[in-house]
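Kindly produce the complete structure, drawing on both the sequences and the hints.
There are 2 protein chains.
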Amino acid sequence: MTTGAEALVRTAVQAGVEVCFANPGTTELSLVVALDSVPGIRAVLGLFEGVCTGAADGYARMAGKPALTLTHLGPGFANGIANVHNARRARVPLVNLIGDHTTWHVQADSPLTSDIESLARPVSDWVRSAGSAEHLGRDMAEAVAAARSAGGRIATLIVPSDCAWGEAKGTASPCEPEPAAFVESRRVDAVAELLRAGKPCSLLLGPAATHGAGLAAAGRISAATGCKLWCDTSPTRMERGAGHPVVDKIPYFPEQAVPMLANFAHLVVAGTRAPVAFFGYPGQPSSLVPESCKVHELASPDEDVVGALEALADAVGASGRDVSGAQLQVPERPTGTLDPRALGTALAAVLPEGTIVMDEGVTSGLPYWLASPGCPPHDYLQNTGGAIGQGLPSATGAAIACPERPVLALQADGSGAYTPQALWTQAREGLNVTTILCANRAYRILQIELQRAGVAEPGPKARSFIDLSGPELDWVALARGFGVPGARVETADDLVRELERALAEPGPHLIEAIL
Amino acid sequence: MTTGAEALVRTAVQAGVEVCFANPGTTELSLVVALDSVPGIRAVLGLFEGVCTGAADGYARMAGKPALTLTHLGPGFANGIANVHNARRARVPLVNLIGDHTTWHVQADSPLTSDIESLARPVSDWVRSAGSAEHLGRDMAEAVAAARSAGGRIATLIVPSDCAWGEAKGTASPCEPEPAAFVESRRVDAVAELLRAGKPCSLLLGPAATHGAGLAAAGRISAATGCKLWCDTSPTRMERGAGHPVVDKIPYFPEQAVPMLANFAHLVVAGTRAPVAFFGYPGQPSSLVPESCKVHELASPDEDVVGALEALADAVGASGRDVSGAQLQVPERPTGTLDPRALGTALAAVLPEGTIVMDEGVTSGLPYWLASPGCPPHDYLQNTGGAIGQGLPSATGAAIACPERPVLALQADGSGAYTPQALWTQAREGLNVTTILCANRAYRILQIELQRAGVAEPGPKARSFIDLSGPELDWVALARGFGVPGARVETADDLVRELERALAEPGPHLIEAIL
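Chains as they are written, first to last, in the numbering used here: chain A, 13 to 527; chain B, 13 to 527.
Among the hints, erroneous ones may be present.
[Claimed, not checked] Result set (SDA-like, lysine to any residue): computed pairs, CA atoms no more than 25 Å apart in a straight line:
hint: 1; chain 1: B; residue 1: Lys261; chain 2: B; residue 2: Gln296
hint: 2; chain 1: A; residue 1: Lys261; chain 2: B; residue 2: Ser122
hint: 3; chain 1: A; residue 1: Lys306; chain 2: B; residue 2: Trp116
hint: 4; chain 1: B; residue 1: Lys181; chain 2: B; residue 2: Val25
hint: 5; chain 1: A; residue 1: Lys261; chain 2: A; residue 2: Gly337
hint: 6; chain 1: A; residue 1: Lys181; chain 2: A; residue 2: Ser197
hint: 7; chain 1: A; residue 1: Lys77; chain 2: A; residue 2: Tyr293
hint: 8; chain 1: B; residue 1: Lys181; chain 2: A; residue 2: Tyr293
hint: 9; chain 1: B; residue 1: Lys77; chain 2: B; residue 2: Arg285
hint: 10; chain 1: B; residue 1: Lys261; chain 2: A; residue 2: Gln119
hint: 11; chain 1: B; residue 1: Lys77; chain 2: B; residue 2: Gly224
hint: 12; chain 1: A; residue 1: Lys240; chain 2: B; residue 2: Ser122
hint: 13; chain 1: A; residue 1: Lys306; chain 2: B; residue 2: Gln119
hint: 14; chain 1: B; residue 1: Lys261; chain 2: A; residue 2: Ser122
hint: 15; chain 1: A; residue 1: Lys261; chain 2: B; residue 2: Val118
hint: 16; chain 1: A; residue 1: Lys211; chain 2: A; residue 2: Lys240
hint: 17; chain 1: A; residue 1: Lys261; chain 2: A; residue 2: Pro364
hint: 18; chain 1: A; residue 1: Lys240; chain 2: A; residue 2: Glu251
hint: 19; chain 1: A; residue 1: Lys306; chain 2: B; residue 2: Ser122
hint: 20; chain 1: A; residue 1: Lys261; chain 2: B; residue 2: Gln119
hint: 21; chain 1: B; residue 1: Lys306; chain 2: A; residue 2: Ser122
hint: 22; chain 1: A; residue 1: Lys306; chain 2: B; residue 2: Asp121
No wet-lab data here; the hints were simulated from the structure.
Right, here's the structure in full:
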């Protein structure tokens with residue numbers, strides 16, 4: 013007999029799924045057994061569900077297709093919600109499998125019972141509770157199709173254990189994902205007209221347009237029309253460095269973003285939404301676009317932004333244009349004092365071609381961004397949803413998607429302490445991830461926000477919520493505890509030396525940079 | 013001017029709240045500032061929200077009143093959901109404060125926006141989104157009253173940041189909690205008749221009846237009528253040891269629980285629900301009570317079980333009875349090989365009077381339970397909701413509630429790796445918590461469940477999801493990383509020595525016991 017779980021796994025394999033990031037429990041055991049009986053899916057254990065969901069995000073960004081996450085009932089999934097939230101904001105494809113009690117046991121309200129759908133809905137574009145073993149293959153086919161629709165969506169399939177262990181009808185054929193909607197030429201032509209009109213224009217690129225064909229088309233459009241290229245404050249995946257078009261990030265704080273955008277008469281939005289402030293501040297609008305700058309939508313996030321950009325390149329006569337992109341310009345290796353600027357310079361100075369940089373450096377990350385536009389070509393990923401604790405897991409998933417490429421995790425200490433268990437998965441899987449742990453021993457962004465709110469002298473309790481120095485986290489010890497070799501550096505010279513050593517050796521490393 | 017946040021904090025203080033376990037972000041800064049400007053609430057930082065909510069659970073169990081948790085928007089709260097789930101199943105009082113975007117910024121759907129209410133509802137008995145600064149004091153008064161109702165409930169108050177920073181009308185007076193409902197004497201008399209009828213009876217005690225006056229009354233009833241005392245499989249808080257009535261836990265697995273209950277003609281349920289299996293297994297019913305055993309409800313979880321038990325003691329003529337309880341009987345210090353049995357014996361052998369034992373030892377915890385009924389009187393706490401990662405946080409909160417008492421965390425490695433950040437809060441606050449880390453390097457319970465499901469030889473992927481030995485977690489390094497001194501022991505003798513040393517020294521310690 014074929015179980016529902018086997019039909020589900022076989023259907024996933026046929027739909028192109030290759031990896032499952034999991035922390036299963038009793039209700040998921042039939043699915044676990046099926047991963048053995050049906051070959052084709054790599055099983056990766058996370059010691060905490062936030063590692064699994066964050067890894068699936070990083071994997072999807074680099075593989076361009078969904079991984080599975082497999083978690084245990086409502087509370088197990090809840091542990092992964094923050095990073096599903098981030099993945100949803102990244103617009104990547106993801107399929108969450110959540111085991112549930114047998115259908116007839118739910119009424120018993122046993123200790124681990126909860127309303128899983130209510131937990132799943134806020135972070136999912138598609139949610140289904142499976143109703144029978146018979147249709148579990150079809151449920152899976154539809155979940156994968158939903159995840160692959162319109163670029164990337166979050167599909168969550170809740171699987172009662174009797175559906176997993178019951179008898180299935182067989183495998184379901186893969187379903188066609190809903191394609192990104194076509195952008196009419198009228199809209200493209202209107203934008204082309206704008207760009208040719210000679211007023212200062214800028215073009216804001218969404219997640220699908222900051223790499224590959226979309227980015228190339230944007231580069232041609234910019235070269236032909238002089239329009240400035242922007243991306244969201246935290247890009248999902250940007251191809252960057254020598255040869256790639258130069259794209260700037262919309263600044264985080266309104267007082268920086270608004271004046272910047274005030275330099276433009278038009279902002280064309282391509283595959284994302286017009287920029288809004290991360291938070292609502294007293295007396296400031298949500299929008300980061302000043303009234304003097306007019307917003308035009310080339311493509312919504314659900315529309316085919318790559319096609320629209322290619323059509324726009326044609327329309328502005330840029331289709332055959334040769335774009336040289338950024339010049340190769342690698343900074344000198346820094347020496348002496350280690351501060352965020354020296355740290356950023358050091359990373360840029362040693363970055364190998366093809367590196368995947370996962371930046372959850374928060375306030376320590378910006379200097380690297382500024383130092384690295386001329387690095388050898390590489391990929392740059394950021395936390396898109398603002399829920400911290402995404403960096404180490406996503407670096408892990410990216411390394412699984414691209415085993416031949418080095419991964420560099422630029423990681424703040426406060427957010428790193430959310431999901432340090434990702435280091436263990438890196439060690440277990442032997443992944444080439446080098447983590448640069450930026451130890452400033454504070455939630456620095458909150459210090460800045462307190463100042464911005466006019467709190468010149470925070471009281472002792474406010475300070476205690478921001479200061480991480482009592483006791484100091486020993487990240488080399490934490491890394492060792494999770495099986496990853498580590499080193500602590502206090503000068504720029506030492507950082508460069510340890511970086512080069514870590515990048516030369518296979519397997520994960522952690523470098524704690526004292527800032 | 014008084015801000016909404018200040019009115020909220022002042023109201024909380026007047027309602028008896030003393031501690032806030034927090035990991036705030038930008039949207040909570042006004043609340044953070046108010047904790048400084050209004051004295052009376054201790055501020056305790058957790059490096060991860062699951063630490064905050066688990067600590068609030070442990071605190072509430074020992075303090076008998078709610079702490080606040082303070083978390084950042086939907087994803088921050090989501091990180092704490094698993095331990096709120098456990099706290100709800102423990103029936104303890106808890107008030108979750110969740111910061112939200114300003115009311116006018118929600119429509120901008122900025123990156124950290126999500127449906128917080130949908131996330132909060134599955135783990136909350138009471139949820140409210142505050143609508144104005146003006147009424148924030150009253151909202152808080154009602155939240156605390158809701159949390160204190162009927163023994164203990166979960167109240168979740170969502171606070172948009174403009175409500176926190178806006179002008180309040182002033183403090184609200186504390187509201188009266190809804191008391192546990194009175195149990196009619198008819199029901200008490202019917203149970204009394206049963207107990208006197210001479211058939212084998214057992215009495216199952218819920219969370220409010222396993223300590224204090226409820227437990228004392230149950231002890232008198234048992235002494236007078238010979239009825240056997242049970243508690244839920246995982247008790248919220250049990251007073252145990254010499255002088256206390258002996259109460260057994262309903263076994264976890266149906267094949268053990270059902271035959272045990274088959275020895276009784278009647279099961280009287282007092283302040284909990286009739287026992288059900290943790291999971292639904294093929295061919296087995298949800299209920300753990302065989303048909304031959306009749307269930308009678310003395311008091312539901314919402315009713316005044318302590319009053320009902322005292323009335324029952326009167327009705328069976330046991331009210332003045334002197335109950336000697338368990339005899340003081342401390343096992344010899346074990347020597348030689350370290351296994352779960354030696355570990356349990358070692359803990360029982362050295363346990364100081366008044367210790368709070370937080371047992372998330374899972375499969376390694378049972379031998380301690382069996383070895384310890386004759387220990388000096390102490391409190392025994394377990395993970396009530398089955399969402400692992402509760403032990404280290406709850407031990408932390410219990411130590412904050414009872415600074416003068418030693419806390420012993422009996423902790424499995426798999427579940428300990430969920431929320432190891434709790435160790436940092438123990439170090440920061442200088443708490444007297446000794447963690448015994450049971451390192452069997454496996455999710456052993458899943459090995460057992462696979463065997464029970466008939467999977468004699470799990471495949472490589474199933475094994476990889478259960479085996480934690482590659483690489484081995486180094487818990488002494490992890491503890492050091494979080495600022496807690498640690499030691500590794502491999503013999504029973506070494507465990508006893510390190511336990512005595514840890515209990516004699518102030519501050520937290522971790523002992524990694526290799527099993």
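Okay, the hints, checked on the actual structure:
{"no.": "1", "hint": "B:Lys261 <-> B:Gln296", "verdict": "holds (21 Å)"}
{"no.": "2", "hint": "A:Lys261 <-> B:Ser122", "verdict": "holds (16 Å)"}
{"no.": "3", "hint": "A:Lys306 <-> B:Trp116", "verdict": "holds (22 Å)"}
{"no.": "4", "hint": "B:Lys181 <-> B:Val25", "verdict": "holds (17 Å)"}
{"no.": "5", "hint": "A:Lys261 <-> A:Gly337", "verdict": "holds (17 Å)"}
{"no.": "6", "hint": "A:Lys181 <-> A:Ser197", "verdict": "violated (46 Å)"}
{"no.": "7", "hint": "A:Lys77 <-> A:Tyr293", "verdict": "violated (37 Å)"}
{"no.": "8", "hint": "B:Lys181 <-> A:Tyr293", "verdict": "holds (22 Å)"}
{"no.": "9", "hint": "B:Lys77 <-> B:Arg285", "verdict": "holds (23 Å)"}
{"no.": "10", "hint": "B:Lys261 <-> A:Gln119", "verdict": "holds (23 Å)"}
{"no.": "11", "hint": "B:Lys77 <-> B:Gly224", "verdict": "holds (15 Å)"}
{"no.": "12", "hint": "A:Lys240 <-> B:Ser122", "verdict": "holds (23 Å)"}
{"no.": "13", "hint": "A:Lys306 <-> B:Gln119", "verdict": "holds (20 Å)"}
{"no.": "14", "hint": "B:Lys261 <-> A:Ser122", "verdict": "holds (16 Å)"}
{"no.": "15", "hint": "A:Lys261 <-> B:Val118", "verdict": "holds (23 Å)"}
{"no.": "16", "hint": "A:Lys211 <-> A:Lys240", "verdict": "holds (12 Å)"}
{"no.": "17", "hint": "A:Lys261 <-> A:Pro364", "verdict": "holds (23 Å)"}
{"no.": "18", "hint": "A:Lys240 <-> A:Glu251", "verdict": "holds (17 Å)"}
{"no.": "19", "hint": "A:Lys306 <-> B:Ser122", "verdict": "holds (20 Å)"}
{"no.": "20", "hint": "A:Lys261 <-> B:Gln119", "verdict": "holds (23 Å)"}
{"no.": "21", "hint": "B:Lys306 <-> A:Ser122", "verdict": "holds (20 Å)"}
{"no.": "22", "hint": "A:Lys306 <-> B:Asp121", "verdict": "holds (20 Å)"}
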